[in-house]
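Following the hints, complete the assembly by docking chains B and C onto the known chain A.
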Amino acid sequence: MVVFSGDLDRVLAAFVIASGAAASGMEVSMFFTFWGLTALRQKRESRGKTLFQKLMGWMTPVGIRELGVSKMNFGGIGAKMLRTMMRQQGVPQPEEMVQMARELGVRLVACQMSMEVMGIRKEELIDGIEVGGVATFLGEATRSKATLFI
Amino acid sequence: MVVFSGDLDRVLAAFVIASGAAASGMEVSMFFTFWGLTALRQKRESRGKTLFQKLMGWMTPVGIRELGVSKMNFGGIGAKMLRTMMRQQGVPQPEEMVQMARELGVRLVACQMSMEVMGIRKEELIDGIEVGGVATFLGEATRSKATLFI
Amino acid sequence: MVVFSGDLDRVLAAFVIASGAAASGMEVSMFFTFWGLTALRQKRESRGKTLFQKLMGWMTPVGIRELGVSKMNFGGIGAKMLRTMMRQQGVPQPEEMVQMARELGVRLVACQMSMEVMGIRKEELIDGIEVGGVATFLGEATRSKATLFI
Numbered sequence: 005m006v007v008f009s010g011d012l013d014r015v016l017a018a019f020v021i022a023s024g025a026a027a028s029g030m031e032v033s034m035f036f037t038f039w040g041l042t043a044l045r046q047k048r049e050s051r052g053k054t055l056f057q058k059l060m061g062w063m064t065p066v067g068i069r070e071l072g073v074s075k076m077n078f079g080g081i082g083a084k085m086l087r088t089m090m091r092q093q094g095v096p097q098p099e100e101m102v103q104m105a106r107e108l109g110v111r112l113v114a115c116q117m118s119m120e121v122m123g124i125r126k127e128e129l130i131d132g133i134e135v136g137g138v139a140t141f142l143g144e145a146t147r148s149k150a151t152l153f154i
Numbered sequence: 005m006v007v008f009s010g011d012l013d014r015v016l017a018a019f020v021i022a023s024g025a026a027a028s029g030m031e032v033s034m035f036f037t038f039w040g041l042t043a044l045r046q047k048r049e050s051r052g053k054t055l056f057q058k059l060m061g062w063m064t065p066v067g068i069r070e071l072g073v074s075k076m077n078f079g080g081i082g083a084k085m086l087r088t089m090m091r092q093q094g095v096p097q098p099e100e101m102v103q104m105a106r107e108l109g110v111r112l113v114a115c116q117m118s119m120e121v122m123g124i125r126k127e128e129l130i131d132g133i134e135v136g137g138v139a140t141f142l143g144e145a146t147r148s149k150a151t152l153f154i
Numbered sequence: 005m006v007v008f009s010g011d012l013d014r015v016l017a018a019f020v021i022a023s024g025a026a027a028s029g030m031e032v033s034m035f036f037t038f039w040g041l042t043a044l045r046q047k048r049e050s051r052g053k054t055l056f057q058k059l060m061g062w063m064t065p066v067g068i069r070e071l072g073v074s075k076m077n078f079g080g081i082g083a084k085m086l087r088t089m090m091r092q093q094g095v096p097q098p099e100e101m102v103q104m105a106r107e108l109g110v111r112l113v114a115c116q117m118s119m120e121v122m123g124i125r126k127e128e129l130i131d132g133i134e135v136g137g138v139a140t141f142l143g144e145a146t147r148s149k150a151t152l153f154i
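Chain order of the listed sequences is A, B and C.
Under the numbering used here, read the first sequence as residues 5 to 154, first letter to last.
Under the numbering used here, read the second sequence as residues 5 to 154, first letter to last.
Under the numbering used here, read the third sequence as residues 5 to 154, first letter to last.
Excised from the complex, chain A in its bound form (with noise of 0.2 Å):
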């Protein structure tokens, strides 16, 4: 599974449909890459980077809590409703779903070509996050039952 998306609603998709296949015993990976980065981020840093990686690093979001959705997100309004509309509904919140995930055993991959163009390092990412590249995409998707791009 790749994850390329930043919106709130398709990370979620994405780690619904990952936790499920895990618990039903199947192995799971997910790639993030590019604004898929940001959901994995737990802190910003502008240190040792260009202007343009610092700027990308101050304008897009830092974990799932800042992620807005893909539509009608008014600033933020439509993430939030999103999360209460979840509560409601007795549905974890996304920070428990990655939580989650992640005890299911769900392998968490983050794309190290984006993350050297925007200059994001290891130590800024959620702990326990692999750093890997295509290959290791592709090793997974060739033997793997179904691949999603997300």
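The set of hints was computed from the structure by calculation and includes no laboratory data.
Keep in mind it's a predicted model, so treat the numbers as computed, not measured.
There could be a bad hint or two in this list.
No more than 25 Å apart at the CA atoms, straight line, and that leaves these computed lysine to any residue pairs for SDA-like [to be verified]:
| no. | chain 1 | residue 1 | chain 2 | residue 2 |
| --- | --- | --- | --- | --- |
| 1 | C | 149 | A | 24 |
| 2 | B | 75 | C | 61 |
| 3 | A | 58 | C | 77 |
| 4 | B | 149 | B | 29 |
| 5 | B | 75 | A | 65 |
| 6 | A | 84 | B | 49 |
| 7 | C | 84 | A | 123 |
| 8 | B | 149 | C | 29 |
| 9 | A | 126 | C | 85 |
| 10 | A | 75 | A | 89 |
Only chains B and C this time, still in chain A's reference frame:
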């Protein structure tokens, strides 16, 4: 096939691929989740919903006829333009494509979790839609030759 | 692989994966449909088109060099910024990636139905692009190890 998007152009692509596959003898299942559910709505109901569910119901399209395109929609003009362009080339209209897919035996499944979160009831969807969870999707995905997330 | 999107960031992800797969010995086909077709254009032609086709031709990008990014594009600044960031990290520019993919034997196919609807003729696309229908895609998808919709 997961239909996450509620954009006319993406939903169309999904139905073209689904009908093509079904016509060539393949079994096809389409799972409509999140914004994709809006393509299956046939009416707007508010009774028995939370405030946010009502709000969401009012702000999102009801059925394929109300969907906009993902780019250059300009308040629906883009969608109208696309429909006219399709007609001028003898391509079936979106509603006919849904009909065609169903006649070819494509399975249309609505995502249960999305329905609960958004407060959409089965009777608000077009007739004959199945309701299923992640497990239903995973069951189909693992025994299928190709999966797409649209 | 279906390339539906006409956003520079998504098109790039497609080419990175395609080239990576081709370099490791896999056979790769990319089907460009709808907005994705804009990435393959080499010129803007109006002759013999309907009004809407002309309009669409004028309002959409011509080739990868005119594509914008899906978020924070700000009228093309985002795309320029991404190109600079890629260059600073020694990552090939988008145009070189297309070239590389072709040299590695990646098959580039333009979707016939999209071309008809949008009124794009083969001579408006870069040289050596195949034209194919849904059946072409399905043939490749069913015998491939992984399919992605980007």
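Structure versus earlier hints, numbers of those that do not hold, lowest first: Structure breaks no hint.
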